[in-house]
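2 protein chains.
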Amino acid sequence: MNIILLSGGSGKRLWPLSNDVRSKQFIKFFQGEEGEAESMLQRVYRQIQKAAPDSEVTIATSKTQASAIRNQLGEHVGISPEPCRRDTFPAIALATLYLHDVRKVRAEETVIVCPIDPYVEDSYFENLKKVGEQAASGEASLVLMGIEPTYPSEKYGYIIPQSTENISRVRTFKEKPDAETAKEYIAEGALWNGGVFAYKLKYVLEKAHELIDFEDYADFYAKYEELDKISFDYAVAEHEPNIQVVRFDGAWKDLGTWNTLTETIDRHVVGDAMLDETCENVHVINELDVPVLCMGLKDIVVAVGPDGILVSDKMQSSFMKPYVDKLHRPARYAEKSWGDFRIIDIEEDSLTIKITLNPGEKMNYHSHERRDEVWSIISGEGKVIVDDMEQEVSAGDVITMQAGCRHTVIAKTVLKILEVQLGKEIDVHDKQKFEWEEKFI
Amino acid sequence: MNIILLSGGSGKRLWPLSNDVRSKQFIKFFQGEEGEAESMLQRVYRQIQKAAPDSEVTIATSKTQASAIRNQLGEHVGISPEPCRRDTFPAIALATLYLHDVRKVRAEETVIVCPIDPYVEDSYFENLKKVGEQAASGEASLVLMGIEPTYPSEKYGYIIPQSTENISRVRTFKEKPDAETAKEYIAEGALWNGGVFAYKLKYVLEKAHELIDFEDYADFYAKYEELDKISFDYAVAEHEPNIQVVRFDGAWKDLGTWNTLTETIDRHVVGDAMLDETCENVHVINELDVPVLCMGLKDIVVAVGPDGILVSDKMQSSFMKPYVDKLHRPARYAEKSWGDFRIIDIEEDSLTIKITLNPGEKMNYHSHERRDEVWSIISGEGKVIVDDMEQEVSAGDVITMQAGCRHTVIAKTVLKILEVQLGKEIDVHDKQKFEWEEKFI
Numbered sequence: 001m002n003i004i005l006l007s008g009g010s011g012k013r014l015w016p017l018s019n020d021v022r023s024k025q026f027i028k029f030f031q032g033e034e035g036e037a038e039s040m041l042q043r044v045y046r047q048i049q050k051a052a053p054d055s056e057v058t059i060a061t062s063k064t065q066a067s068a069i070r071n072q073l074g075e076h077v078g079i080s081p082e083p084c085r086r087d088t089f090p091a092i093a094l095a096t097l098y099l100h101d102v103r104k105v106r107a108e109e110t111v112i113v114c115p116i117d118p119y120v121e122d123s124y125f126e127n128l129k130k131v132g133e134q135a136a137s138g139e140a141s142l143v144l145m146g147i148e149p150t151y152p153s154e155k156y157g158y159i160i161p162q163s164t165e166n167i168s169r170v171r172t173f174k175e176k177p178d179a180e181t182a183k184e185y186i187a188e189g190a191l192w193n194g195g196v197f198a199y200k201l202k203y204v205l206e207k208a209h210e211l212i213d214f215e216d217y218a219d220f221y222a223k224y225e226e227l228d229k230i231s232f233d234y235a236v237a238e239h240e241p242n243i244q245v246v247r248f249d250g251a252w253k254d255l256g257t258w259n260t261l262t263e264t265i266d267r268h269v270v271g272d273a274m275l276d277e278t279c280e281n282v283h284v285i286n287e288l289d290v291p292v293l294c295m296g297l298k299d300i301v302v303a304v305g306p307d308g309i310l311v312s313d314k315m316q317s318s319f320m321k322p323y324v325d326k327l328h329r330p331a332r333y334a335e336k337s338w339g340d341f342r343i344i345d346i347e348e349d350s351l352t353i354k355i356t357l358n359p360g361e362k363m364n365y366h367s368h369e370r371r372d373e374v375w376s377i378i379s380g381e382g383k384v385i386v387d388d389m390e391q392e393v394s395a396g397d398v399i400t401m402q403a404g405c406r407h408t409v410i411a412k413t414v415l416k417i418l419e420v421q422l423g424k425e426i427d428v429h430d431k432q433k434f435e436w437e438e439k440f441i
Numbered sequence: 001m002n003i004i005l006l007s008g009g010s011g012k013r014l015w016p017l018s019n020d021v022r023s024k025q026f027i028k029f030f031q032g033e034e035g036e037a038e039s040m041l042q043r044v045y046r047q048i049q050k051a052a053p054d055s056e057v058t059i060a061t062s063k064t065q066a067s068a069i070r071n072q073l074g075e076h077v078g079i080s081p082e083p084c085r086r087d088t089f090p091a092i093a094l095a096t097l098y099l100h101d102v103r104k105v106r107a108e109e110t111v112i113v114c115p116i117d118p119y120v121e122d123s124y125f126e127n128l129k130k131v132g133e134q135a136a137s138g139e140a141s142l143v144l145m146g147i148e149p150t151y152p153s154e155k156y157g158y159i160i161p162q163s164t165e166n167i168s169r170v171r172t173f174k175e176k177p178d179a180e181t182a183k184e185y186i187a188e189g190a191l192w193n194g195g196v197f198a199y200k201l202k203y204v205l206e207k208a209h210e211l212i213d214f215e216d217y218a219d220f221y222a223k224y225e226e227l228d229k230i231s232f233d234y235a236v237a238e239h240e241p242n243i244q245v246v247r248f249d250g251a252w253k254d255l256g257t258w259n260t261l262t263e264t265i266d267r268h269v270v271g272d273a274m275l276d277e278t279c280e281n282v283h284v285i286n287e288l289d290v291p292v293l294c295m296g297l298k299d300i301v302v303a304v305g306p307d308g309i310l311v312s313d314k315m316q317s318s319f320m321k322p323y324v325d326k327l328h329r330p331a332r333y334a335e336k337s338w339g340d341f342r343i344i345d346i347e348e349d350s351l352t353i354k355i356t357l358n359p360g361e362k363m364n365y366h367s368h369e370r371r372d373e374v375w376s377i378i379s380g381e382g383k384v385i386v387d388d389m390e391q392e393v394s395a396g397d398v399i400t401m402q403a404g405c406r407h408t409v410i411a412k413t414v415l416k417i418l419e420v421q422l423g424k425e426i427d428v429h430d431k432q433k434f435e436w437e438e439k440f441i
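Those sequence lines, one after another, are chains A and B. Under the working numbering, the first residue of the first sequence carries the number 1, and numbering increases by one thereafter. Under the working numbering, the first residue of the second sequence carries the number 1, and numbering increases by one thereafter.
One thing to keep in mind: the hints can contain errors.
The list makes no distinction among identical chains, and a pair is therefore deemed to hold if it is satisfied within one copy or across any two copies.
[As the list claims (entries may be wrong)] Restricting the straight-line Cα-Cα distance to at most 30 Å, the calculated cross-link-like pairs of lysine-lysine (DSS-like) are:
#: 1; residue 1: 176; residue 2: 431
#: 2; residue 1: 424; residue 2: 104
#: 3; residue 1: 424; residue 2: 362
#: 4; residue 1: 412; residue 2: 424
#: 5; residue 1: 383; residue 2: 176
#: 6; residue 1: 50; residue 2: 223
Source of the hints: derived by calculation from the structure; they are not laboratory data.
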């Protein structure tokens, strides 16, 4: 069984912990089975491993998130990178083509597409397997999961099934309704559309060729930017007559805002924070190493990270996007394929960055025209190359690099470096890359 | 006229912006006459300069605060340092002896003691002058300022005057009462004791000799640590039969808690912060360079500094002390005689500090046994001396210092340095000082 997890958007509604390069699914809000910090991505992946240990998991995601996914899940998952954002139909088609052309999955095999952000019990993934098995049976072209609604939500699309059976044909789809209409749908037996689609690979292959002119995966990838933004529901599901839905009546939440997210976090405090005894329904997530003290608060979320500090009434936090848009700040923290970096000090003619390189990782071999740099190795071991000269380094070593000199570092262990950039015009684009000399590796 | 300003305590109730080395009176909450940021200390000093330009101002303060006072007020004020905290009687006696023995103020001259933290209009200082003039007249041994009460406060001591005249003899003093008793006092015409005392210098000189066995200022200073903690009210005022009070009926606030402090700050936002339109009666003071976003809050103060983050209901913030006591953190930011420092990164075997040296200031000439250091000059100009070798430095220069090597830096302009300390046992006490070679200055 092939599972495609759709890992979407940049998640401004969870600012300051999500930003353009770091989405909510990577933030370690949760606790894993051994009490370790766990992200949404890691949680869902762990649940899939448990329910369907033989499944092949592929993450459909933007190129910029690929590094973070590798860091959190390792090498076992496939990644179908999207050159840019183009809604769910192009993303699902691209990932399906990736499975077929790159991973050589046969056209008869079953594929299940599932969003990455449902916060659910393990039974959800048992149900997901049923959805896949139903698609494998070939009774329908497309099989969906329908969530039993718990209230007349205006946030979801609705599926109207033909019967109240566990597995039923779909009568019709309804777009996000207002609350009144949602009540009527629910009275008719409607289910929430949970964004799960299962099909035989060839089905989406055919749909993609019907709707888009392309040759193969590589060609589809090359044309991706020109594709229209269109959802899979709108492009495919709503036109498909032969479609079934499998009911799921367990707990199901999507964690898009601080309000919904904090409802699911067991611990009121993540990170260094203290609440006085008069605080009620307060959540603090603190990623900085300064303590947070909360007193006399009610229904409030406090989120602290390198990009900023949010203090918000939980309900009100849903409306944060326009304010966050106004902040216009470059991200001060990012996970990269090779580790992560954090900007820790900014002056007019200097920039100080803390860099963590994972074992075996290296930077590009590069130079800067208009800035000098100083590396202080603050922990770990590695090798530094400056103008083709190699040097073993470990905690305590200091390397100074004049503008124009080529340099790189290769981590042997986890390697932490304090980099001070010094110059009049410090700019991320002031970087010349050089061919990597194989002898260094 | 001699004015002694009592600059007290460490102000845990304004955490995180006040700490053991930085009291509330030094934080620039206010705006000066030209719109510049202004501290409580600077505000009070400016008001005194305006009301009594010829007065000599002496600040009675703990040794640890002397640097911050010099930085904010310059060289024009006298500083009477206290070796440790011993309540107001020893502090006033020490400062009075300092005036007499060190500043050679004559025994007949008038001294006015005033707390440093009243937040008042200029008329208060006009009234302060009257208190001094009344003391100068010699009608009474001691003259106080009585504040017209605005509510039956339990926080202040009360003075019961003999008459309702502007200047009256004092009938009796009352300790901090409960609200009921306070109402009765006020009905009798009682005034708040505002902590102002005016006297001829010789009066406190005599009282000090009556109560404490000592020779002179130097001897009193040497014995200071052994003195009992006792207030001036209790030791002197309450036993003095010949005492007058001058009434003050202007606005008067003491700014001891976030609740009272935020009432006086005009701007709802100090530093980088945004409030949504649903916030009511919210104050944000942000000293970090990450943005703060507040949404849907009411009656809340958010204070952000290098030592931590407070989010509190304004009333509740009065009860913060036990929580702050639990935090047990060394201060990460401090003002020193030579400038300031901020710890910006801590790892097991490294510590990164941003140091600002004021023009003309220098460090001690020193070395460390168990750590190397790297200085990256990030702005300004100065001179570095390493093992007796001088070197002019400016922004962009990097100095590496091995353990054991003697080093210092002298600032020509404001000089900012990123110092990375590297070693297995980094400890503030690992510091050997050396004689300063005069040739370097």
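Now for the hints, and whether the structure bears them out:
For a Cα distance limit of 30 Å, the shortest separation of residue 176 from residue 431 qualifies neither inside one copy, at 48 Å, nor across copies, at 68 Å. Taking CA atoms no more than 30 Å apart as the test, residue 424 paired with residue 104 passes in neither setting, with 52 Å inside one copy and 53 Å between copies. Taking identical chains as interchangeable, the C-alpha atoms of residue 424 and residue 362 lie at most 30 Å apart whether they share a chain (27 Å) or sit on different chains (26 Å). For the homomeric pair residue 412 and residue 424, the shortest alpha-carbon distance between copies (20 Å) is at most 30 Å, but the shortest distance inside one copy (33 Å) is not.
With identical chains, the CA atoms of residue 383 and residue 176 are never at most 30 Å apart, being 56 Å at best within one copy and 69 Å at best between copies. Proximity of residue 50 and residue 223 under a CA criterion of 30 Å is satisfied in neither setting, with 37 Å inside one chain copy and 73 Å between copies.
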